[in-house]
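Colleague: Assemble the complex: chain A is given as a structure, and chains B and C must be docked to it using the hints.
The primary structure of each chain is shown beneath.
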Amino acid sequence: MKISLGRWLLPVYSVLALVFLMVPIVYTFIFSFNDSQKSNITWRGFTFDKWLNVCNVQNGAVCQAFSNSLIIGAVATVAATTLGTMIAIAIVRYRFRFRSATSLLLFLPMATPEVVLGAGLAAQFLSVGVPKDMLTIILAHTMFCISFVVVTVKARVASLDPALEEAGRDLYGSPGQVFLRITFPLLLPGILAAALLSFALSFDDFIITNFNSGAVTTFPKYIYISAARGIPAEANVVASAVFILALVIVVSAQVSASARAKRLAKD
Amino acid sequence: MAFAAFATTTSDADQAPRRKSPVALLLLLPGILYLVLFFLTPLVSLLLTSFQTPIEGGDIGQYAYAFRWENYVEVVTAYLPHILRSFAFALTATVLALIFSYPLAYFIGVTARRWPLVQSLMLVLVIAPFFISFLLRTLAWKQILSDESFIITSLKAVALMAPDAHFTGTSAAVIFGLTYNFIPFMTLPLYTTLERLDTRYLEAGSDLYAHPVEVFRKVTIPLSMPGIVAGTLLTFIPAAGDYVNASRDFLGGPDSQMIGNVIEANFLVLQNYPAAAALSIILMTVILVIVMVYVKRAGTEELL
Amino acid sequence: MSTGAFAAQGADLELVGIQKRFPGFTAIEHLDLKIPAGSFFALLGPSGCGKTTTLRLVAGLEAPTAGRILIGGTDVTDQKSFQRPVNTVFQSYALFPHMTVLENVAFGLRRRRIDEPVAKAHEALRLVELDHLAARKPQQLSGGQQQRVALARAIVNRPALLLLDEPLGALDLKLRRQMQLELKAIQEEVGLTFLHVTHDQEEAMTMADTVAVMNKGRIEQMGAPEELYELPKTAFVANFLGQSNLFTGPVVGSTRDAISVGVAGHNIVVPAARAHRHIGEVTIGIRPEKLSLHLSAPADDAARNTLGPGRVIDVSFSGVSTQYLIDVPHLGNLVVFAQNMGFGPVADEHAEVWVSWAIEHGFGLEDEPGDTPKFESDTTTRSIAAQRRASLVTELEEI
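Protein chains in written order, with our numbering: chain A, 1 to 267; chain B, 268 to 571; chain C, 572 to 970.
Keep in mind that the hints were calculated from the coordinates and are not lab data. Glycine included, every Cβ here is placed at the ideal spot set by N, Cα and C. Among the hints, a few may not be true.
DSSO-like, lysine-lysine: derived pairs with alpha carbons at most 27 angstroms apart [claimed, not checked]:
1. 221/A with 38/A
2. 262/A with 708/C
3. 287/B with 651/C
Estimated spans, in silico, between C-beta atoms of each pair [said to hold, decoys possible]:
4. 593/C with 355/B: 50 to 56 angstroms
5. 11/A with 351/B: 38 to 44 angstroms
6. 215/A with 484/B: 54 to 60 angstroms
7. 351/B with 741/C: 58 to 64 angstroms
8. 290/B with 78/A: 42 to 48 angstroms
9. 78/A with 789/C: 51 to 57 angstroms
10. 38/A with 334/B: 49 to 55 angstroms
11. 311/B with 258/A: 44 to 50 angstroms
Among chain B residues calculated to face chain A with C-beta under 7 angstroms, some are [stated by the list, open to error]:
12. 408
13. 410
14. 551
With the rest of the complex left out, here is chain A (with noise of 0.2 angstroms):
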């Protein structure tokens, strides 16, 4: 009876701490289908409209938000990915001077509080005299975006056997052509990771954009200014969408992982 009891208390205890992980996830979901009047508190009801009609409501500033947030995110992935791969494979595979001042200056900014970044930032654009817009969330985004695409690439360029692209070399490939069809190619999922890193980082941010955005409403921006007088279903909405959206294509990548090992185990 006791060895059962052992056997038995970790998978449970996993899956109700897996549960309780979900909760707030589950109750944002079944409350962007409350039919809610101004603010998203009581059950008032099941209802479609908020996923209909969801730019309709307060002028479409969801809406609004929201595209704020995907253009900051696109921008910022796209040069915080570009930068930190090139640091990363200068980091793996050359030498250089002031190796671990670099490290450093890689490091110190994910061992920084995002208040004191934040602050920093504005304090800065504060005395330059720099008018704080789309531009100054997008600059902020990027610069805490490197440090974590650097860690995630360099990973993948360190298990990067360099007789590849020896191999490359040997057989006839030009240095351009060895890394367009050798280097990038497997670097890619490293790229990619850590470009979807980037995106998640910089989609959820609050902290540094609420001292860098001005006027400018991001989504989580939104929900901070909203949050004092009720925020309505439709961000529920907007929320509970992306979170499908992104639970399938981890899940799909993860699924089609898998059957590829196997496939390969199979062979």
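Modeller: For chains B and C alone, kept in the frame of chain A given last:
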């Protein structure tokens, strides 16, 4: 993901032969320049701002460069409770998240190894909270745990809570929110180290000690140390600077404000930039010192 | 495989005064080497001897600090790797994991814009008998199959020179022996110049026409495998290629045909033609399998050298042969390999024995005595221990 990479050391990166080349400079320069421009100089201007003095006869929010070190004395006197509270909250949340996450990460990384699909699906559920705005998640908890909610009313009905007690707005609620929001940051690095844990060590351990608790303490914990270090840092640092959970519109109340709330209010509302800057510098310095001491003691110096 | 843009046949390779320094150490001090066209040439040596560096210099993956590299008479020293008519079979194979086997093989042809790359790639795959797996990804192949794809990917380009960097190192013993024969057969079929780098002496001797033994950045000896084995020039070669019993002593007499060396009270005769030094202190040697074991003192024979009596201190039976370790007073330990013609060992441990060998089997080294390396490539821990003991004994005697 980066959380995984956070837990790995750089040893494998050092094996590849490295050469000197001007290409390295070309690859490094744009990104490094960017970080210098948008990370390093902002820290410098934050430092300069923290010593600024109000312009005499100027409007609110107008300051001149000076060396007014009294700013630091003033903010520490005014906000010492907030500073202490921030670190206390962050520390408590980190410990709670570690206790919550370790068994979960162990189950996914070690026990569930035999079923790769279960393993990857559970992992997806761990990172699922990332896919939904953390502000909305926090607000959801606020409503789930509000005074009128089912949970709180039932707790009061069975007299586990005093009839006039609240949960939201208290320090406990803020710590709860911090813990919840940073659990994935703790679980993922723990998972990555535990997933690579060679179970033969555990078998060897039980062969030699024969006591599961001893094996866990002497073998499992030391071997998962890199994950513990990465996870606690990834939780503690953002938690100490967070101001969403403690915000009054979310889980906080007047007596549970953290340093982040004070910085936000001073910077964005009161336009007292020197005070906000001085508090930021204090926060960052304390965190860097803690991180350095902690990383030195834990013995994994290279995190990046 | 009829058209080749570079070479229908292999070209010769010439290294002139090559030196390669890395920050902190010198990999190659001074190297001159000429490999004739169409030969199967092996560079043999322990790890760290500079053989892989030599290969990378020829491939153009490293640039020499000094010296020239000529392929077919053309100076290629300043050519980049992708401009040289050279292809490499990498130690790890370095097959591109994101391409199919066919794409891998066609890669070099496509880069050089050769006509019909796919047809030629199929042809190369047929040569290594893997055409049926052309659509697979490399990770779906076994180690031996990957090795053959790497070979096909290199030879499809008809390089003037094919470099093999320990290409069989990752395979298990049985597969390695099989691949050795296959590689040799393919080399004979395509007629290219092969430069093969290995630390496995048996592999080098099985496959190569010419073997160069490399040590500490220079070539110790070069020649046909039989020649190197039967007449090693240095103690390093004598011990790296198989095992040797080496003795040091002064030349005490010499005729036109032979020299006589005094070793621990015995006179040992070595044919003059097989000795590199004829006066002063010399080191002479004999291979363990050339020694005969006697249980009683053999009758004097002018055609044989005799040592003994000694005592058997170790017998290890390995099926085909038995290895005896014999302690001869004042001389140290001798290793004897005896074919198992009857059943079991002929001498037991502690037995008193004599050894003898035909005079024409001995050899004299070029080395100055004293720099004899305390090194054996292919021995059991027992014989290493025995050798240690032997060297200690000689050291003690010198005092």
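Colleague: Against each hint, give a clear statement of whether it holds in the structure.
Modeller: Hint-by-hint comparison with the structure:
no.: 1; hint: 221/A with 38/A; verdict: holds, 18 angstroms
no.: 2; hint: 262/A with 708/C; verdict: holds, 14 angstroms
no.: 3; hint: 287/B with 651/C; verdict: holds, 17 angstroms
no.: 4; hint: 593/C with 355/B: 50 to 56 angstroms; verdict: holds, 54 angstroms
no.: 5; hint: 11/A with 351/B: 38 to 44 angstroms; verdict: holds, 40 angstroms
no.: 6; hint: 215/A with 484/B: 54 to 60 angstroms; verdict: holds, 55 angstroms
no.: 7; hint: 351/B with 741/C: 58 to 64 angstroms; verdict: holds, 60 angstroms
no.: 8; hint: 290/B with 78/A: 42 to 48 angstroms; verdict: violated, 22 angstroms
no.: 9; hint: 78/A with 789/C: 51 to 57 angstroms; verdict: holds, 54 angstroms
no.: 10; hint: 38/A with 334/B: 49 to 55 angstroms; verdict: holds, 51 angstroms
no.: 11; hint: 311/B with 258/A: 44 to 50 angstroms; verdict: holds, 49 angstroms
no.: 12; hint: 408; verdict: holds, 5 angstroms
no.: 13; hint: 410; verdict: holds, 6 angstroms
no.: 14; hint: 551; verdict: holds, 5 angstroms
Violated hints amount to a single one, hint 8; each of the other numbered hints is respected by the structure.
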